[in-house]
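Peer 1: Build out the structure end to end from the sequences listed, making use of the hints.
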Amino acid sequence: MGVMDQILEKAVEEEEAVSYDVLVVGGGIAGESASLDLADMGFKVLLVEKEPSVGGKMYLLSKVFPTLDCASCISTPRMAAVSHHPNIILHTYSEVLEIRKLSESDFQARILVKPRFVEDDCTGCGQCEKVCPVVVPKEYDFGLRGRKAAYIPFDTAVPKKALIDLDHCIFCGQCERTCPVGAVNFLQVPKVVKVRVRAVLIATGYELFSIERKTEYGYGKFKNVITAMQMDRLLAPTRPFNAVLRPSDGKEPSSIAFVLCSGSRDRTLNNPICSQVCCMYSVKQAQLLMGALPLADVTIYYMDIRAFGKGFEEFYQQAKAMGAMFVKGRVAKIEETENDDLVLWYEDIENGGRISKAVHDLVVLSVGLKPNSEIVEVFKGEVLERDELGWIRSRDENVNPVETSIKGVFAAGCVLGPKDIPDTVLEAGAAAAQVAAYLNEVGV
Amino acid sequence: MISYVGIDFAGLQHMHYPATTSIMRLPCSSMIRPEWIILALKNGFDGVFVAADGTDCPYLRDCTDRTAKRIDDALKLAEKEGIEPQRIKMAAICSVCGEPFANHMHNFYRELKELGPVKR
Amino acid sequence: MSPNRRIGVYVCWCGGNISDVVDVKKVVEVISKESDVVVAKDFMFMCSDAGQRMIEEDVKEKKLDAVVVASCSPKLHELTFRGAVTRAGLNPYMYYHANIREQVSWAHGNDPAEATRKAIRHIRAGVAYLRHAEPLKKIEVKAARSVLIIGGGVAGLRSALDLSRMGLNVYLVEREPFVGGNTAKLWEVYPYKRKGWEVIDSILKDLLGRDNVAIYTNAEVRSVSGYLGNFEVKVEIKPRGFRGRCEDLERVVSVCPIKVPNEYDFGLTNRCAIIAPPYPGAYPEIPSIDWKNCVKCRKCAEVCDQIELDDEVQTVRLKVGAIVVATGFRPYEPRQGEYKYGSSERVLTLPQFMKLVERSGGELKLGNRTIRTVVFIYCVGSRQVPSGDEKVNSYCSRYCCNAVMNLSVRILDRFNGLKLYHLFRDIRTYGKHELMYEEACKKGVIFIKYDENQPPEVLVSGKRTIVRVRDLLTEREELEIPSDLVVLVTGMEPTPNEKLNEILKLPIGKDGFYQEMHPKLKPVETTLAGMFIAGACQGPKDIRESVLSSSAAAAKAATLVLPGRIELEPFTALVDPERCNLSKRCVDECPYGAIQIRRYEGLGEKAWVNEVLCKGCGACVAACPNGAINIRGLTNVQIEEMIRAAGRE
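Which chain is which? The protein sequence lines are E, G and A, in order.
Counted from 1, the first sequence has number 413 at position 413 by the numbering used here; the numbering is strictly sequential.
With the second sequence counted from 1, adding 444 to any position gets you the numbering used here.
With the third sequence counted from 1, adding 564 to any position gets you the numbering used here.
Hints are computed from structural coordinates only; laboratory data are not their basis.
You may find that some hints are simply not true.
Straight line, CA to CA, 20 Å or less: simulated PhoX-like cross-link-like pairs of lysine-lysine [claimed, not checked]: (1) E:Lys160 <-> E:Lys130; (2) G:Lys513 <-> A:Lys1148; (3) E:Lys194 <-> E:Lys380; (4) E:Lys101 <-> E:Lys194; (5) E:Lys160 <-> A:Lys639; (6) G:Lys533 <-> G:Lys557.
Since the model is a prediction, treat every value here as computed from it, not as a measurement.
Peer 2: Pasting the structure below:
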């Protein structure tokens, strides 16, 4: 058990003090969008985010399909907006421990607010970060670079306040001595806040499929096999190395392969469904790579290219016209050569289905999405239902997809099923409408 | 709006570019009146760089095209005033385009240095 | 001339982030000598409580009327300090935020001397700005707590129900005689085997009888005027021609001499000029005359006393705060001869085939002939490859792969001995729909991938119909499939709405669908304030997605009208009518339709800005040849003075 876990066990329970119209769980693009709509309608919103900053997964992305908007450009204003809105109270670095339905439109929730060991006076000046001697892998870059133990999660974090990672802190006290406003406080204790809310919206999103499980692909073993999320970080303007380099030797790759359906449409991994976004983000990354590395070849191994959304097909055709190669065939296994290149064995479907192989010097696994739906466990009394694959179950897919098995509890975004940003934003809007309608009907 | 954040981003990343710049904020780059560009060139500035918002602009998706039109007009005005066209530049700067912005500033600075001050 | 201002300037150290590079003491010293600057100070953290209190006290004690804070980016703390000056009694817009961290100290750590000069330039510009600043007030608009919905398909009905449940008045206008749109015409839809009309019915049963909902069928919007929060709408309602239900509708229908394709089964059969309720639970439950085709022979009126052919068109005028457009799609209609469509009765579209299935008993039949083999050709009317100047649908229609997979699974369950061939380009059963594809594979559907450059051919000779295709999955082997029926898996096209488009002036994208404001973050908003798009009129969608988008549109409309008033930033354009020379360039330049030509007392016609619609982008400012337009809070004089101030060394 880490130091932080021990400290969290000693959380102080606070008396129930406040009530809100709606509790939104998850501060990604879905939770932010729904919170803003509800707050604009005049409802009081409590937004709870587990990480130390809002922003979710969207913030991490480079440019996004099919318009190649830069993800951080369009997501940071929304992150700032939730922190400024007078009708939104934001708890970051906090976890919902329990939600209990007492009666219709009356829920009691217990929320663990973790100590940052930095008081609210913090101005985000970053001096603590400079003096902290400890470096650990940075979560937001999927380990591609480091951060300090006293750190601000990322440049445009909201709130832009430091925190101290006690599990890695060596208690040298440098940050405490350096902080110009004396905000570092190692004696902060966790607290459990009790609130009453009239409705709940779950927007906890997704996790990336753990592709280590597909041992044939060698992720985690072969250095030059990376996930598409890592590639997105390498391509992002906020990227770690300011260049696309392959991990084993820091060389610019000259032949890059994308392996679609890595962990999706795969019964052997118990994930038979399609993850809905991988085709398009791979096509996008291919386009960005052809811009960043004009001499490199990009090959996409696919089963079907699912360019189904508005403007997607045109975007796919554009990638083809730019010179990305599309090979229909599922990759069976990957082997590593002596110089860390990779051999892909695949079924070449358009050439009679024979087994072929090809060598690439960087392989990107287009990993699928899995539900991040453990939140169902905090519901006491009534059960928040999930489907066989763990996605939150919609009460009615046709008529009202954002209602769940518990009346007054709604869901939006990837926790209901894999989907892209436009569809997530639509669902968030839909959820806001359903919450508002519910609150208006059940009355005060 | 967007480019302003991009220029902030260059700072956030501590990317250096010549400090002889001054930065003025407009809601959308397509607001710039060509006369203002000439006014700046006659009032102590050696060059004017217009950072267009590009397709991320919250006001206008085509703001870069519109801004380009303003630049064309400014170039015509500059010609009349006997000001070198190289003193007026534009590029789309997205909100995380810190690096491209810094590069633009370095290049622009070099070019302007060769040109010398605006002749009055 | 500028009035004499009393300006306070506050320079932040940001705990060293600024002061390690910028010589803040020197900045203060230089700035304090600027005219109109009454006080200039530096402080460790201006954003801290102590810093803000210092400003508030100075404003009161030194009677300041404007404040500059030089610190981090305005994105972070502009609002903070607007708050501080407001608490001290100033107008929040008598404030300027000079960025000397992100744009000075952090960018120029290598050149402290020049960085200090740059900081001074930025602050001088701020002082110049404030010399010409005026107090501003947020714009407040009253909003009617009611919403107009155009289109009564699944999207419009969902929006209507949501808005009604939120307590808003809803007016729904449907052009056809019945609500339900395309959805109501569908057979079993995924994932529940529910019929299309049952989906509609489950929304309708909540919607009908609500006292804040009015549904107009046979109705069309004729004009829209006004603006966000205050639209005035004229709706024309055609009479139904029926006063009530007829005893013997079958007889009435049989006497009508008219025969036209029946749109309720996608033209599979014909109907007369009397449209009976086309499915169970149809609303309204009273038939309607199809005025476009009725020749007023009055034979029907002779057999039913409920028919009245001479009722007048009614006009209603509505006042609404927002408009949701949900005009949906129309199924792609193949060109005459495309895959022998129209020339062979054994070639149907997917929606037609669905109706055929619905109508079949224990056996799937076309006419008298039992159907054993069906060949589905995918991507008809979608993903079209451009050739020459011909306008093509280059987009993917999104729903068709799922729909045909669902239908295949259902008919294989229902009819024995069916053999199904799917001729596809890519199978796009995205997300959980993949499970339907899996099931179709298990049930023995044969999949053949064709190359878009070598599409299948339908050959008809006598009673035989053969589909010839090269299979990419077996090295382009040429196959000839004898079939009883060929089904063209047709996509979606936007509903033709020329008249409505002229009235609303909604932007339309390259694909012909309505264009959203931003494909990601503003998918239901349009550039026209207060007008939203829902469902398939924005782009192809299935029922679930249409419903989501219409609820989202309802949410956006509600954020505007639910509070009853709308507060807008004051940074809007303002025309100086004395300088306007009526070039009208601003009118063309404005993307929001916020500028009109108006008659001014004593000046004649000049440009005028509707500040409710103006978003303050400033495009008109640049376009005006006379410099007659200013943005409040960033006037031309302010910009010019800032340029002069920053340029001065």
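Peer 1: Now tell me if each hint is right for this structure.
Peer 2: Now the hints, each set against the structure:
1. E:Lys160 <-> E:Lys130: holds, 16 Å
2. G:Lys513 <-> A:Lys1148: Holds, because 17 Å separates the two Cα atoms, which is no more than 20 Å.
3. E:Lys194 <-> E:Lys380: holds, 15 Å
4. E:Lys101 <-> E:Lys194: Given that 20 Å is the threshold and the Cα spacing comes to 13 Å, the pair holds.
5. E:Lys160 <-> A:Lys639: Measuring from Cα to Cα gives roughly 12 Å; hence the hint holds.
6. G:Lys533 <-> G:Lys557: Distance ~15 Å between G:Lys533 and G:Lys557 Cα, so the pair holds.
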